[in-house]
Structure formats: structure tokens, C-alpha cells
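Colleague: Taking the hints as your guide, dock the two standalone chains into a single complex.
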Amino acid sequence: MSSSLNPILFLVGILGLAVVLNAVRMFIRRSPGYTLLKLLGHVIVALTISLCAFYPQIAKDVTRILGFGENLNTLIFVGFITLFLTQYAQAKTIEKLDKKITEIAQKVALHRS
Amino acid sequence: MSTLVTMIAAYNEAPAIAQVLASIRQLYPEAIIVVVDDGSTDNTAEVCRCYSSHVLSHPVNCGKTASLMTGITYLQRQELSDDATVVFLDADGQHDPREIQRFATLLRQDRRLEVVLGVRSLSRQTPLVNRWGRLVGDLVTSLYTGDWYSDSQCGFRAVRWGFLKHLSLVGSSYAVETQLLYELSRRNSHFTTLKVSDIYTSYSRSKAHKQGLLQGLRTLVSFIH
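As given, the protein sequences belong to chains A and B, one line each in that order. Its first residue numbered 1, the first sequence is counted upward by one per residue in the numbering used here. Its first residue numbered 1001, the second sequence is counted upward by one per residue in the numbering used here.
The following block holds chain B by itself, in its conformation from the complex (with noise of 0.2 Å):
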């Protein structure tokens, strides 16, 4: 069976991020955890540490793709086989871990499969500026990819190690979502698509909008610029 590592860009998460991990080792305890802690200034670091040994440290905030970047240079250094499956996730609980297997199964199954993504189910729960967000994102990723992704900014999803070794991240922001998939339709890599659960906790609601209007805007002047 090829390497599972799942991949957490966490900032100020602590209250969110022990259940996310506890989860995931319970599920999966031969999974390599990588979280990179961005410049977090409660303990999130710390309650990381006792899930994961690959913790890392930003000492400033510098956005998802920075983190994520880090997360992947550091990968790079483990000499994982081309076969391992990377799953992105996020650290407040809006993704299932549950749910990881099933995009690992179909990695496994396909060989030709370089990517899944996970796609949201709009729910009664859905805030009515996540909808909007979504359809902001979606039309911002399809003019800077020339491709239609349903639920672009969804940050759950599958990567073959071999297709994500090779990829460069710039910026800071949450641009990560929609560089993935550009290179997805400039490589005309072959990908599918997988419903997730779209959770909302008290917690998540709680927290600023990472993908609001405003966000999804913000996305489009970086790729603009």
C-alpha cells in the first residue's frame, strides 16, 4: 500500500486542530501527518506536536500557499515514492478525515489519476457568502485556468506525490486552491472529482471568512497582478 500523508496549513487553530489530528491518527496511524503552523500565535504549534512529528514553524504569518509550499519542500526532502498520496486538508474541521480513504481508494484504483478533488455539497447549513464566495472563486479559477472546476477554493482534496513533487507555489494568499488547478489544465493531467461533506461548526462560523466574496476577489487582483 503507497504512503498516505496528510497535509494541514494551520493558523490559530488550536481550539480546532487536536480533534482533526486525534481523527486522523486514530484512522489512519501509519499516515505521515505534516502540519505547518503559520506563524500561529496561540499554541497551535504545540498541540500539534503531540500528534506529529513533522511540525513546522513559520515565525510569521505568510498565507496558505506559503505554507503549503513549506509543507511540500519538506516532503521533497523525505524521498517519499511517486506513488505516496498527499490529502490536503484543513485544520478547523470543515473536512471529514473519514473521508480521506476514499480519495487514497481512488488513487489507488487509477493509475492514471493524478488528482481528486474534493467537491463541497451545498447544504441548508452553507452561509448564503460562502455560496456567493464559491461562485466568485469558481469564475475567477476558470478565467486563469481556461477550465470549469465545480468548487474550486474547496481545499480538501488528493494529489499524486509524483505530479506534486513538481510543483512551484507563489504568492502567499489562498491563490494555492487555484495554482493546483491551473496546473492541472496545463499539464491536461487526468483528475476526478469526489463529493465531500461540507461541515460547519460553531467554530468555523465563528471564524472571519477565509472564502468570502471579499477573499475570492482578493484571489483574482493577485492573479491579475
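Looking at chain A on its own, in the form it has when it is part of the complex (with noise of 0.2 Å):
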């Protein structure tokens, strides 16, 4: 942790924190709805955040080991590279409910000839 972190940053990362704890706590509990993949995502994020909060320097790492110069263009790769997967799984998704309503369709006019 840095030692002249600053008090806004400081709070984000307590927030982070505790939104990690609240979702654990759903999830043990069982809450309706909340599955392990709702509680995977929500950690994630907010570990994220937490982590960028307490250590401002490591998007700078990051983005040194990965070979950019800026923070920005790493922000700019990581949401191209975000609304991509999206993409894709979304296509992905569409492709699967329509091979299904094909299926059925088919099933009906064949039911009924």
C-alpha cells in the first residue's frame, strides 16, 4: 500500500472491499437469484477496483508489462478487447436461439402436413 495514499482512493477501496464481503455474504446465504457466476463478476470488479485504489501504480505496471505507453491506451485495449468478448458471446447466444426456433418451426409444419 502507498504511503501518502490518498483519502478518496482509500475510501473506493474500503468501498471495493465491502461490496466483495456483501456479495459473500449473498451467496452464502443463498440469496435468490445470486449464482456463483453473479458473485464471481461482482468480486471481480470490485477487487479490481480495490486493488487499482490501494495501488495506484499498478496500472502503470500493467500497462509497462504489457507494452503500452499510457494508461489510456491501455484503458482504450481493455475496453475494445471487453466489448468484443461481449460481442461474440452475444452472437454466440443469438446463433443458439436461432437454430432453436428453426428446429421448431420445422417440428410444426411437420406436425401438422
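Any given hint might turn out to be false.
Between beta-carbon pairs, the in silico distance windows are [unchecked claim]:
#1 B:W1148 - A:T48: 14 to 20 Å
#2 B:P1059 - A:K38: 34 to 40 Å
#3 B:G1146 - A:S113: 33 to 39 Å
#4 B:W1148 - A:L110: 31 to 37 Å
#5 A:K92 - B:G1162: 33 to 39 Å
#6 B:N1188 - A:T35: 46 to 52 Å
#7 B:R1186 - A:K92: 22 to 28 Å
#8 B:V1170 - A:T48: 39 to 45 Å
#9 A:N73 - B:V1170: 39 to 45 Å
#10 A:D98 - B:E1046: 24 to 30 Å
#11 B:S1142 - A:L15: 58 to 64 Å
#12 B:L1135 - A:D98: 25 to 31 Å
These are calculated hints, taken from the structure and not from any lab test. All C-beta atoms, glycine included, are put in the ideal place defined by N, C-alpha and C.
Modeller: Right, here's the structure in full:
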């Protein structure tokens, strides 16, 4: 942890940890609709935020490791990757649904014949 | 004489399909006419039922591949002999029903043949976009099958039932033409080509292009995917 941690960043880090603890609590209590996937999603996002808040240098270190010159480039790159993955996941879902609709339509046509 | 089956996939073709079906019925009274209405929003299905008792209707539009697969699945329940000839043609009058006999004759004369592929003659009538579309379609097909087929996207073709009954078509778009050729190459089956007329009526020209350049690219994407 940086010795000259910004108070606001510290608060953000604490909030992030609180979100993680809350997420774990909801999962343990088996809150309705709170799946393992949701837990993982919340924990990953909140932990990342906390990590960046407590260790602001981490963004620069990641940037250096990946070979980018500026933090902004890293953010943009990560943003594009995230968008691409989201689009790909949606396309796969649509494809599955399209296939199911086609199968149902074929069955209906054959049943009515 | 072996059974003759004609199979047509139709989507909103009420203006043209009546003439196609009437011609087939008049020329080949004993033929089984199977029409798959692919979720038409006009009265295509009702028109077809005036000429055929083998009309299947999708509740929603699913594409030509799915339509023909529905038709093939329907035929599997009809207990056809392996020698039966199934002729595919378009619903919009682009193919001349009088040429069906030529397909059937070729299959009857040469028992080794499994498929007869129609190859449309390019004429001055053929729109430029269709010429380019054919070229793209042929290139895509050659990449996919490893063999060169002229006019690979022509829907006018005849297949022996013994070959067709084992076919499983996937996808929903116009990729059906290429899938059949892929099976032909994969099984190393005997086939021949037959020059057929390419009829362009004002009706068919007015429709959005079925096999234009964009459709060829979409077919390519669907195969890659």
C-alpha cells in the first residue's frame, strides 16, 4: 500500500472490499437469483477497483508489462477487448436461439402436414 | 418408371408459384409436388394447396436450407424407393418446369449418377449483379468443397433419393446449394451437369436479389462461422 494514499482512493478501496464482503454474504445466504457467476462477477470487478485504489501504481505496472506507453491506451485496449468478447458472446447466444427457433418451426410444419 | 418428386421452397411467392405448379401438374401428373412455405406472409400456402397436397408451412421464416431440410424430412416418411428422383427448383419461375424431364432422363439412363446439376446459360438478360454473384458463389464453393462447380448456386438440380435421404442440412440461409456440393465432393459421388434456361421475368427482377454479391459473402461468413 502506498504511504501517501489519497483519502478518496482509500475510501474507494474500502467500498470495494465492502462490496466483495456483501457479495460473499449474499452467496452464502443463498439469496434468490444470486448465482456463482454473479458472485464471481461482483468479486472480480470490486477487487480490481480496490486493488487499483490501494495500489495506483498497478495500472502503470500492467501498462509497462503489456508494452503500452500510456494508461489511457491500456484502458482503451481493455475496453475494445471487453466489447469484442461481449459481442461474441451475444452472437453465440443469438445463433443458438436461431437454431432452436428453426428446429421448432420445422417440427411444427411436419406435425401439421 | 421411378417416382418423380419436385421440391420447392417458397417465401412470399404467391404471384409466381401458381404458374410454376400448374406447369408441373400439367406436364407431370404423377409427380409428387412438395412445397415448403417458409413463413410467408401472403397467401403462398393457400395457392400451393390448390395444386399439391404436400404443402408444409413454417410458422416463421427460417431460410431456404431449413425449408429444404423440412421437405427432405417429410419425404423420409413417404417410403420412397432409392431410385426416386427429387428435383429442386425455384418458386419464382426462373426455372422452366419442362426441363425437369431432362434431369429425370439423365438419372434414369445412368444408374451411377447421383446428382444432376443445372447450369444456367448466361445471356444478355442476366443482370450484372447476378453474374458477379455467381462468380463469388463459385469461388466460395470451390474453397469450401475443394472442387470447382460451375454455377454452384443454381437451385435447379435433381438428386437420386438414395443419395438425398442421408443428407443432413444445417444452417438456414442459402448455403444449402453449397452444402449439397460439399456432400457430393466428400462422398466422391457421380454427377453431371445440364445446361438449363435462365428465365428473368419482370417479377423475378423486381425481387431483392437472392444470390447477389452480398448473399455470396454472407454464405462465405456462414461457412467460416
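Colleague: All the hints need checking, so say for each whether the structure fits it.
Modeller: Consistency of the hints with the structure:
no. : hint                         : in the structure
1   : B:W1148 - A:T48: 14 to 20 Å  : 54 Å, violated
2   : B:P1059 - A:K38: 34 to 40 Å  : 35 Å, holds
3   : B:G1146 - A:S113: 33 to 39 Å : 37 Å, holds
4   : B:W1148 - A:L110: 31 to 37 Å : 36 Å, holds
5   : A:K92 - B:G1162: 33 to 39 Å  : 37 Å, holds
6   : B:N1188 - A:T35: 46 to 52 Å  : 50 Å, holds
7   : B:R1186 - A:K92: 22 to 28 Å  : 27 Å, holds
8   : B:V1170 - A:T48: 39 to 45 Å  : 41 Å, holds
9   : A:N73 - B:V1170: 39 to 45 Å  : 42 Å, holds
10  : A:D98 - B:E1046: 24 to 30 Å  : 27 Å, holds
11  : B:S1142 - A:L15: 58 to 64 Å  : 60 Å, holds
12  : B:L1135 - A:D98: 25 to 31 Å  : 29 Å, holds
Violated hint: 1 only; the structure is consistent with all others.
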